[in-house]
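K.L.:
Chain by chain, the residues run as shown.
There are 2 protein chains.
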Amino acid sequence: MSGYFQKELSEIKKRILTLGALVEKHIQMAAEALDKNDAALAGKVITGDYEVDEMEVKIEEECLKVLALYQPVAVDLRFLIAGIKINNELERIGDQAVNIAERVEIITRKKKPNFVFDYSVMVEKARNMLKMSLDSFVNLDLDLAMKVLALDDEVDFIQKKAYDKIKAAITFHTDSVGYLINFLLVSRHLERLADHATNIAEEVIYLVEGEIVRHGLKS
Amino acid sequence: MSGYFQKELSEIKKRILTLGALVEKHIQMAAEALDKNDAALAGKVITGDYEVDEMEVKIEEECLKVLALYQPVAVDLRFLIAGIKINNELERIGDQAVNIAERVEIITRKKKPNFVFDYSVMVEKARNMLKMSLDSFVNLDLDLAMKVLALDDEVDFIQKKAYDKIKAAITFHTDSVGYLINFLLVSRHLERLADHATNIAEEVIYLVEGEIVRHGLKS
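Protein chains in written order, with this note's numbering: chain P, 1 to 219; chain Z, 1 to 219.
Since the hints were derived computationally from the structure, they do not count as laboratory data.
It is possible that some hints are incorrect.
[To be verified] Estimated spans, in silico, between C-beta atoms of each pair:
(1) P:173 <-> Z:54: 28 to 36 Å
(2) Z:18 <-> P:149: 42 to 50 Å
(3) Z:115 <-> P:143: 45 to 53 Å
(4) Z:44 <-> P:74: 18 to 26 Å
(5) Z:44 <-> P:28: 37 to 45 Å
(6) Z:121 <-> P:17: 42 to 50 Å
(7) Z:110 <-> P:108: 31 to 39 Å
[Unchecked claim] Taking lysine to any residue pairs in the SDA-like style, the calculated list, with each CA pair at most 20 Å apart, reads:
(8) Z:161 <-> P:75
(9) Z:160 <-> P:135
(10) Z:167 <-> P:106
(11) P:14 <-> P:75
(12) P:65 <-> Z:160
Glycine residues also receive a C-beta, built at the ideal position from the N, C-alpha and C atoms.
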């Protein structure tokens, strides 16, 4: 493939990383809003999502343009298709940050029972998964992609523990069911966020190994 | 494009419809298992998911093969990229059926409070959305795709009402929080299922209009 084509690929990689950095910022803001009970900060995540959506649309257009213009085959074709799918996952990670921010807006309006839940470990792991999955994509780093999969199991485990703790709190604070359910939902949004990062890592593994590891299948 | 290419496109459409029919069957089975408290039927949805995964992998391989072999441009390129993304959505709809089935397995093991929740309207709407979105794809029917978007708003509304009803039940049956939370999760799985059908319809609208309507943007 020509130098022009390689330049276009680099540009697409760069844009995907920029989108990745933006959604990571939104996760961080949503987590901080949750931690500090800050509805204004949560509102910024929600109103800022249009930027994520616009970037996703432009990256997909760019990928389609390059596909049509250079008609790549083999590994270059797979790379672009993976780019389209990863771009899509990033937009959905942005949606999960919005989901968390929406819960924060609800939580801050409600009467607060004596219940504190620390999401910091889960947030940190999910953010790391996002960063690692994108790094594995741009560097086609199989080992790093595999590490993301291992981290996802940890997040699932933490989510299950969170679920039990919040369930117990609901049984105890029966007058605050509407409040506490929001914490249950936040932990599910974080788990889904980690799932999307895992999807990115699986795309990378597929790309590198040239075979499909998704769903645990070997084709 | 050649007759061979058109034949390949027809074959891909046919396979996507076959996958759509399979995930629809799984939704139906999961809903019936929920309705009849049937753990064995739920188990069949869970173990049958490998078939969905295998079909998804094969369809994506087929799309990549056709892209590399015929190097289509313009509308044909967009159609194949849409096919890859729709295929991906179908696999995720299958995952939601599995999620519901897993809830049924948990529910049947728990002590049952005096609480009945009728999901039939929500299930019926979600199944219709899936069927309509796939029909809109194979016939490139813009009107039908727009109807799916309208139905999604209805499902969101029903989900919110379900949420309130289950929340009230949790406040009342405080000894059955662990049981009732599963109903909350089922209604969210159904909502997400409808979201995936909406994603399919949005792909179709994008394909037909040649501009991106996702995220409410006009490019």
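K.L.:
Given the hinted pair residue 65 of chain P and residue 160 of chain Z, is their Cα-Cα distance within 20 Å?
P.N.:
At roughly 41 Å apart (the allowed maximum being 20 Å), residue 160 of chain Z and residue 65 of chain P break the hint.
K.L.:
Starting from residue 160 of chain Z, check that the Cα of residue 135 of chain P is at most 20 Å away, please.
P.N.:
Roughly 38 Å between the alpha carbons, so the hint for residue 160 of chain Z and residue 135 of chain P is violated.
K.L.:
Between the beta carbons of residue 110 of chain Z and residue 108 of chain P, is the distance compatible with 31 to 39 Å?
P.N.:
holds (33 Å)
K.L.:
Straight-line Cα separation of residue 161 of chain Z and residue 75 of chain P no greater than 20 Å?
P.N.:
With Cα atoms ~48 Å apart, residue 161 of chain Z and residue 75 of chain P exceed 20 Å; violated.
K.L.:
When you take the CB atoms of residue 44 of chain Z and residue 28 of chain P, is the distance between them in 37 to 45 Å?
P.N.:
Holds - the Cβ-Cβ distance for residue 44 of chain Z and residue 28 of chain P, about 42 Å, lies within 37 to 45 Å.
K.L.:
Do the Cβ positions of residue 121 of chain Z and residue 17 of chain P conform to the proposed distance bound of 42 to 50 Å?
P.N.:
holds (44 Å)
K.L.:
Could you say whether the range 28 to 36 Å given as a hint is met by the Cβ separation of residue 173 of chain P and residue 54 of chain Z?
P.N.:
violated (46 Å)
K.L.:
Just tell me: holds or violated, for the beta carbon distance of residue 18 of chain Z and residue 149 of chain P against 42 to 50 Å?
P.N.:
violated (30 Å)
K.L.:
Are residue 44 of chain Z and residue 74 of chain P spaced within 18 to 26 Å by their CB atoms?
P.N.:
Since residue 44 of chain Z and residue 74 of chain P have Cβ atoms about 39 Å apart, the given range 18 to 26 Å is violated.
K.L.:
Checking one constraint from the list: CA of residue 167 of chain Z to CA of residue 106 of chain P, max 20 Å. Satisfied?
P.N.:
Measuring from Cα to Cα gives roughly 15 Å; hence the hint holds.
K.L.:
Confirm or reject the claim that residue 115 of chain Z and residue 143 of chain P have a C-beta distance inside 45 to 53 Å.
P.N.:
holds (49 Å)
K.L.:
Given the hinted pair residue 14 of chain P and residue 75 of chain P, is their alpha-carbon gap at most 20 Å?
P.N.:
holds (19 Å)
When held up to the earlier numbered hints, the structure conflicts with 1, 2, 4, 8, 9, 12 and fits the remainder.
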